[in-house]
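These protein sequence lines map, in sequence, to chains S and A.
Here the working numbering is used: the first residue of the first sequence is 115, the next is one more, and so on.
Here the working numbering is used: the first residue of the second sequence is 115, the next is one more, and so on.
These are computed hints drawn from the structure, not numbers from a lab.
Quick caveat, the model's predicted, so the values are computed rather than measured.
The beta-carbon is built from N, C-alpha and C at its ideal position, and this holds for glycine as well.
There is no bait here: all hints are sound.
From the structure, some residues in chain S lie toward chain A, with a derived Cβ separation under 8 Å:
1. 128
2. 180
3. 382
Chain by chain, the residues:
2 protein chains.
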Amino acid sequence: MSSRKISGFPEWLPEQRLVETHIVDQIRRVFELNGFIGIETRAVETLADLESKGETSKEVYVLERLQARKEGQISELSSRTLGLHFDLTVPLSRWIVQHSNDVVFPFRRYQIQKVWRGERPQEGRFREFRQADVDIVGNGELGFHHEVEVATVMLEALNALPIPRARMRVNNRKILQGACEVLGIVSVESVLRELDKLDKEAAATIWNNLAETGLTPTQVEGLQKLTEIVTDSPTELRQKIQATGLSSELLSQGTDELCALLEGVNQAVPGQVQAYLSLTRGLDYYTGSVYETFIQNFEHLGSICSGGRYDALARNGSRFYPGVGMSIGVSRLVSLVLSEPFARSSRATPSAVYVAVDSEETRGESNRVARELRQRGIPCEVSAKAAKYGKQIRAAEQRGIPFVWFPATSEVKDIRSGVQQAADATKWCPPESDWWPTVETSTS
Amino acid sequence: MSSRKISGFPEWLPEQRLVETHIVDQIRRVFELNGFIGIETRAVETLADLESKGETSKEVYVLERLQARKEGQISELSSRTLGLHFDLTVPLSRWIVQHSNDVVFPFRRYQIQKVWRGERPQEGRFREFRQADVDIVGNGELGFHHEVEVATVMLEALNALPIPRARMRVNNRKILQGACEVLGIVSVESVLRELDKLDKEAAATIWNNLAETGLTPTQVEGLQKLTEIVTDSPTELRQKIQATGLSSELLSQGTDELCALLEGVNQAVPGQVQAYLSLTRGLDYYTGSVYETFIQNFEHLGSICSGGRYDALARNGSRFYPGVGMSIGVSRLVSLVLSEPFARSSRATPSAVYVAVDSEETRGESNRVARELRQRGIPCEVSAKAAKYGKQIRAAEQRGIPFVWFPATSEVKDIRSGVQQAADATKWCPPESDWWPTVETSTS
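Taking the hints into account, I'd like the entire structure generated from these sequences.
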């Protein structure tokens, strides 16, 4: 029997799972404080929906019934074939169309769920991981200010976590689109795809590639000047864009929005946002603001919170549902927090008290004490075995349980300090800090 | 575009999701009060593990990479093929062997997760649903008292939910096994399988079937007398078993355990447990107590909480890990609670306050009020649009948000009573009952 791990499918030990739960709870709290409504969608979508934005670049797992396979049936792929969702945006698009009469727009939703990607195992990426998404979806229209709001909420959520400071890079697709128009570039998609690599490959390679696809030196130079712009100041942003000499209505609208985004986010969460004009978010169908977020000193992990604005997050016939949303890669964050570690759980079990058992005959008495403690909300467990007290204390210690209760003498012992005192099971309480396991953080 | 529902994959609307979250939170709280440790396992297991107890009767979904399928590759089924887990017991067995050095035994774990079964859609069953399991797993040995404990914890969890009273039926495999031995029945498995149908089909059919498989009239009669026994009294249970005339060491050990189970559970949670000697739990590899639980007046839903004791929940070479556990069918319960309904959410959104906006120019002022409220833990959202107050109040009403805040005059209005008063965003609080959405129950 091997280790039984399956590469790409992370699992945490109990004390690690408590840290993960803490992280998810913190994120959820910020989402709910901001009035986002939690939904959960099924794990599967039809291929028609999974591929609704054209063939997806994400690897999809399709499902087949084992019995059918054993009977030699291999179903043909069709639009109705079921696959596991690879993100939480595709399910939202489908859900919005399905429930457009059940919700009030703009609809503010959050969703924290696992997603699956059928990556090849050797690539070492997660194939199962948890994401935490917020999106605001309008019916026909959606105010720009929501693009500020979503970025703010995500920074607030990240600031609530035991991680170093997050820095958000923002851009606006209208600037890139406008610049391409002004420069007479038609192949906008392939340009976006190339620019998306700017952070990963040498810039010179990108510019060469673009020249090879037929862009003129003027076109390449225009893009180069524009995408070099990095600033957290709206004033400087305007000046630098002006200095490129590129100008059009779309470009100027994008510039206004990007400046408003910097100002709005800075007002709510100072010093964590930066205009970064080479940011494109590849081929996703964004039409306004785009976002990526990096953790200080852990930039090599890549963006841990990304997203943007779609003018057509969903559509139903001629009806469009614009949306803006971002997604936190929760599993990647948990992985980071655990490996550093930036946080640990004070114990691995919920139990604050281990109730000793004198003999199997008096187990009922120990159970009664446990019931009384639980009735007052104190998590506890009864010793698995009647044994010498020393042995039972060691059992509690191994489990990280701070208190042992002795029903025979009605005494409770703090096994860390050794202090033992008389106690009434209908009145005694552990100190607040020992009541439930707590997550202790080493950052901030 | 059809309704986009996929049969067997339930999804809840936001206000229903809040009820589901409430139910899961209640269950989790009882589990944690009883010192159970939460783990989460990956959604997939290998076929080797999924079929580790022989070919499973549960329908399994296997995964295939879409790109591979498109390239015409159809992977051969092998022991390493991945499939979605169909319960939380198989993952636990695998996890225990993998982490036997990372945990302290007896290991008390709970797990609340979705599972998938590749049922044929026409059968109208859930193909994706949530289960809530507790198991206690020993290393080599496991005290009988844990069989009492698990049943008690599950009744406590069910009693915390907005459902009618649950009744648990219990039996002990040693009684059935012992009776078969005494009666000289060799084909115990097929007998168990037949007896399992006693609640679903006419008893006469079952006895006929057994006679046809070669059982003698004496054997059938013996089983019949035994399996007719239903009682919540340990004394009566002993008498009735004695009256069957069947007797052996195993049978008597099973009887002792079943009596102890009735007594122990009754002591902790009075009046909800009953010995029900036709209960077999089919082919699952139970070796001691077995349990099923029904909801009063909703017995037709079948058992909503079942399980039992395994002497080999897991094994690693010659090392056995006995376990006892039960599983609540959370999705089925949520379905029941929503359809009656036994509970509803006070509102569909977390927001307690809708902050009005006078004009897009003063949106920053509204944002500031919202930030102040959130800093004190009050969930709120800012109006999507600057509009006449009447329109903004209607927007809050549509969303079920009880309060509207007017930053221009620093006033807050309870839109249900119409009462409007001056308020300071750094001090005002909503009444406790309006702070977060609450789940109001109509049972108990």
